[in-house]
Every structure is written in C-alpha cells, then in structure tokens.
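Asks: Between the sequences and the hints, there should be enough to build the whole structure, so can you do that?
If you're matching them up, the sequences are chains G and B in order. Note that our numbering gives residue 16 to position 16 of the first sequence, counting from 1, and the numbers run on in steps of one. Note that our numbering gives residue 27 to position 27 of the second sequence, counting from 1, and the numbers run on in steps of one.
No lab work stands behind these hints, which were simulated from the structure alone. Positions of the beta carbon are idealized from the N, C-alpha and C atoms, including for glycine. Worth double-checking, as some hints may not be accurate.
Said to hold, decoys possible - What follows is a set of in silico ranges between Cβ atoms, one per label pair, in the way DEER data are often shown:
| no. | chain 1 | residue 1 | chain 2 | residue 2 | range |
| --- | --- | --- | --- | --- | --- |
| 1 | G | GLN128 | B | PRO50 | 57 to 63 Å |
| 2 | G | ARG359 | B | ARG13 | 28 to 34 Å |
| 3 | G | GLU261 | B | GLY56 | 28 to 34 Å |
| 4 | B | LEU47 | G | PRO230 | 40 to 46 Å |
| 5 | B | ASP9 | G | GLU26 | 44 to 50 Å |
What the hints assert, rightly or not - Just a few of them, taken from the derived set where beta-carbon distance is under 10 Å, the chain G residues facing chain B:
| no. | residue |
| --- | --- |
| 6 | ILE300 |
| 7 | LEU338 |
| 8 | ARG348 |
| 9 | PHE418 |
What the hints assert, rightly or not - Which chain B residues face chain G? A few, computed with CB under 7 Å, are given here:
| no. | residue |
| --- | --- |
| 10 | ILE8 |
| 11 | GLN14 |
| 12 | GLY19 |
| 13 | PHE41 |
| 14 | LEU44 |
| 15 | ALA55 |
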Amino acid sequence: VSLARLAERLRGGELSPREAVASYLERIERLDGELNSYIAVRADEALAEADALERRSDSRGPLYGVPVAVKDVIDVEGVATTAASRILADNVPATSATVVERLRSAGAIVLGKLNTHEFAYGAMTTSQHFGPAHNPWATDHICGGSSGGSGACAAAELAAGTLGTDTAGSIRIPSSFNGVTGVRPTHGLVSNAGVVPVAWSFDTVGPIARSAEDCALLLEVIAGSDPRDPTTARGTRGPYAAALADGIDGLRVGVVRALFERDIDPPVAEAVKASLDGLRDAGARLTDVEIDLFDRFGTIQQAMQFVEAASVHSGWLRTRLADYGPDVRARLLAGLFLPPTTYTLGQRARRLAYAAFERVFAEVDVLVAPTMPVTAPLIGDDTVEIAGTRVVYRLSLIPFNSPWSLVGAPVVSVPAGFVDGLPVGLALVGPRFGEETVLRAAHAFQRVTDWHGRRPALASGAVT
Amino acid sequence: MTAGGPSIDELRRQAERLGVSPTDADLEQVQGFLAVVLPAFAELEELVAPGDTPAGVFRPEVEP
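Replies: Below, the structure is given as structure tokens:
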C-alpha cells in the first residue's frame with residue numbers, strides 16, 4: 001500500500017483514520033520486535049488523534065489520517081527525543097519540530113519515534129543504548145544510518161511514510177540498504193527547527209517512503225521557509241507531486257562514471273549500471289560526466305562536519321563524555337582536536353566545489369551515481385569488502401554521499417536492484433532547489449521498473 | 001606534533017587545555033582518526049589559492 005493510495009482512500013472515506021492507525025499498530029506489534037525500528041510507539045495517543053481527526057468538520061488535508069513516523073532526533077511534543085543516546089534519554093520537548101507541525105496540519109498522525117545511530121552521527125544504527133535496528137531483507141544485517149529506523153520502518157511498512165535526517169548520507173544510505181525511496185532535500189528547503197543538530201551547514205530533514213510519489217507528497221508538506229529556522233530559504237517551492245506525471249523525455253542525465261568504476265564493489269556497480277536502462281526507457285539522454293575536484297569533495301565536507309559536530313557537542317564532551325558510545329565519542333573528540341584553521345580551509349575549498357558543481361549543471365539536468373558502493377554489512381562488522389579488499393565501512397561511504405552534501409544538492413535514492421538478496425540504490429542528484437526535476441526523474445524511473453514495489457518476506461501481509 | 005600527527009601525550013595535554021577527560025583508549029582512537037584526516041586536510045591547503053575566500057556557511061550567496 002503506497003502512501004499516495006492510502007491517502008486517497010482516507011480522503012475518500014473508504015477507510016477511517018482509526019482503521020489505518022490500528023492496522024499499522026498491529027504490524028508494529030507483530031514485526032518490530034525483530035526489527036527494533038521504533039524507539040517509542042505512541043499507540044494510545046495516535047488512536048486518540050485519529051478519533052479527534054474524524055470528529056473534525058473542517059476540510060481534509062493531503063495527508064488526512066495517514067500514519068507516519070519520525071526519526072528520534074525530531075521533536076514530537078510530550079515524547080522524549082533521545083537521539084538514541086543516554087545523554088538525551090529524558091529529553092521531553094514542550095513543542096514539536098516545525099516538520100511535525102506541518103505533517104499534522106496536513107492531517108498526518110505520528111505513530112512514534114524511529115531508531116537512529118547515536119546522535120545521528122554514524123551510518124549503522126547500532127546504538128548501544130537502544131539496540132541495533134535490523135534490516136528487513138536480512139535481519140542479521142544493518143539497515144544503515146543514521147536514519148536506519150526510518151529505512152527499516154518504511155521497508156517493512158510499519159508506517160505509511162517516515163521522516164529521516166541527512167547530514168552526509170543518513171537518508172540515502174538506509175534508503176539504499178532497505179530498498180526504499182528517500183529524498184535528501186536541498187539544504188535550506190526544509191526547516192531544522194526542533195531537530196537535534198549534527199552539523200548545521202549540512203543538516204536536512206527529508207522523507208523516506210516506498211516511492212518517489214510518496215516522498216513528493218511528504219516533501220511538499222514539510223518544505224518551505226520557517227521563521228523558527230533562519231537557515232531556511234525564502235520563497236515557496238514545489239508543488240512536487242503534481243509535476244511527476246510530466247515525464248522525462250529528453251532529460252539530460254549525466255552519469256558520474258568515476259563512482260561506477262572506483263571504490264565500489266563490482267556486483268553493486270553492475271546492478272546499478274544495469275538499472276540506468278530504466279532512465280533510457282523513460283526517455284532520458286545519458287552521457288558520462290566528470291566533475292572538477294570531485295575526488296576532494298568528501299574531504300572538504302569532512303573538514304567542516306568534524307568541527308561543526310564537535311561544536312554542537314562541546315558542552316557534553318566536557319561533562320558527559322563517558323555517556324557517549326565509543327565510536328561517536330571518538331569522532332566527536334577528533335573534531336575537537338583539529339587545528340583551528342581546518343574549518344575555514346573547508347569553507348574556502350567549498351567555494352571551489354560549488355563552482356565545479358554549477359559548471360556540470362550547465363551541461364546536464366540530473367546526475368546519477370550509485371547511492372552506496374556496497375550492500376548492507378552484517379551487524380557488528382565495521383568493515384566491508386570492495387573488490388576483494390576489506391575497507392572501513394565508514395570511510396567507504398564518504399565518496400558516494402559527502403560530495404552531494406557539500407554542495408547542498410537534492411538527492412533522491414531509488415531502489416535499483418539486488419545483490420545476493422540485498423537491495424542497492426541509484427542516486428539522482430539535482431541542482432540546488434531542483435527537487436521537482438529529480439523527483440520527476442525518480443518517478444519516471446519507477447514507472448518502468450519494479451524494484452520499489454518489492455517487499456521483504458518478513459513484511460508480507462496486507463497493511464489494511 | 002610529529003609528521004604522523006599528534007602523540008598520545010600531546011593529545012592528553014590538549015585534552016586538559018580543552019577541559020575534556022578522555023581515556024587512553026579514546027585518545028588512541030582519536031589518534032587513528034587524525035592520522036587519516038590530517039594528511040587529507042593538508043592536501044586541501046594546496047587546492048586553495050590565497051585569494052580564495054570562504055564560501056557561505058549554509059549555502060551559496062545567491063538563491064535561485
């Protein structure tokens with residue numbers, strides 16, 4: 001059941017909000033013991049909100065009665081925002097994040113809070129405080145991160161749609177590993193007010209759901225400037241869903257060949273390369289492109305991210321150091337110990353990256369690349385095999401994710417095949433504020449492919 | 001700091017100045033991180049020219 005179809009049925013009165021919420025709560029009860037995608041479930045509150053929604057006589061919003069869930073770095077009034085950490089275990093916000101307010105204004109009902117890597121600062125979602133989230137396609141594998149709970153939840157249909165956050169891949173990685181669709185929006189398109197920060201100049205909130213159409217519906221609800229967040233861009237954007245049907249005949253797609261050829265496991269590269277036929281079949285014109293300085297983009301992003309993250313946590317590093325998990329503690333401390341010129345160096349090099357990125361978009365409308373170089377590793381394994389060599393998992397993902405974060409670009413990750421039973425993803429990258437184009441391309445791709453319609457065996461059974 | 005990055009003793013002294021109290025195991029992990037990132041960051045120095053000013057923190061100056 002796609003979010004889009006569910007929303008139609010709810011608005012049409014074919015299904016009530018209570019029935020929809022009860023159906024998802026039953027699935028959570030039945031399946032999430034094995035997945036651990038939720039940190040908190042608002043069962044009674046969600047049912048009460050569904051009943052209240054049914055009693056209201058005003059018009060039905062685009063997400064009327066649609067059950068959703070949000071990553072546990074996003075505030076929901078009255079529910080602890082733990083960020084899967086011990087430090088924030090009792091952090092109960094008095095107000096909701098702007099994105100949650102917007103979801104609710106559109107009629108959505110929040111089922112609960114989703115598991116994440118501790119403080120969203122890592123790509124495994126194996127918090128020692130809340131336990132690992134498991135991949136629905138193979139539960140002994142990670143679901144990625146940091147929005148791993150959102151990816152697993154969407155794949156197992158434990159909510160009709162979810163929100164995650166992405167600083168350097170945290171929406172795209174779990175989207176790829178769990179065989180679902182995710183959107184990292186342009187930096188500044190969606191408010192971060194009421195969201196636990198990782199690194200301010202890269203942080204974004206975005207949807208993870210089954211399809212580009214589902215994500216478009218969620219994105220157009222949460223997007224837009226916000227007086228609570230001075231980093232949001234002025235003006236209105238979208239709509240996104242209405243533009244999906246326009247197709248991509250003649251769309252110029254640049255293939256970032258370097259990412260298909262270097263530092264990627266060959267079976268993953270082959271699967272994603274084969275999926276490009278879907279874009280050709282939909283009418284796009286594909287050409288290989290090179291981006292100046294691209295192999296430095298990841299390093300530039302890391303130079304800034306390390307320092308910003310250390311700044312976010314500087315107080316707790318002094319007072320609560322032992323309460324961090326070892327991996328997050330080490331990365332945060334590393335940022336604290338960097339030379340003071342590191343951050344400005346990153347900002348200066350970032351200007352060169354912006355210019356290179358803009359040059360390539362004079363030639364193409366969309367870029368494509370593998371979302372990840374590997375499939376989901378086993379839980380507990382912090383290395384992956386790439387072309388017969390073991391490499392550190394955390395380092396393997398940087399060239400595929402950090403570059404697009406550095407330039408603040410929108411990226412849609414779509415399911416693009418399987419390797420040994422585990423999903424792989426294709427990343428579609430647009431110019432800044434080019435969400436309409438990348439979502440249209442993703443939707444056109446999904447009209448001629450069926451990867452996004454596949455479901456893990458664990459998640460079988462009707463939703464409603 | 002040596003060519004390979006700061007020693008554990010140097011990191012420990014820096015930690016004291018910063019008011020943090022990491023364990024030796026923490027400092028060994030930090031040392032490992034710095035051994036990877038410091039050379040990469042040093043290469044960025046060669047990328048930028050003296051006249052290259054910092055980009056905006058959040059996004060390019062001009063919004064489309």
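Asks: Are the hints correct? Go through all of them and say.
Replies: Now for the hints, and whether the structure bears them out:
no., hint, result
1, GLN128(G) - PRO50(B): 57 to 63 Å, "violated, 46 Å"
2, ARG359(G) - ARG13(B): 28 to 34 Å, "violated, 45 Å"
3, GLU261(G) - GLY56(B): 28 to 34 Å, "holds, 33 Å"
4, LEU47(B) - PRO230(G): 40 to 46 Å, "violated, 30 Å"
5, ASP9(B) - GLU26(G): 44 to 50 Å, "violated, 58 Å"
6, ILE300, "holds, 6 Å"
7, LEU338, "holds, 8 Å"
8, ARG348, "holds, 5 Å"
9, PHE418, "violated, 32 Å"
10, ILE8, "violated, 12 Å"
11, GLN14, "holds, 6 Å"
12, GLY19, "holds, 5 Å"
13, PHE41, "holds, 5 Å"
14, LEU44, "holds, 5 Å"
15, ALA55, "holds, 4 Å"
Violated hints, listed in ascending order, are 1, 2, 4, 5, 9 and 10; each of the other numbered hints is respected by the structure.
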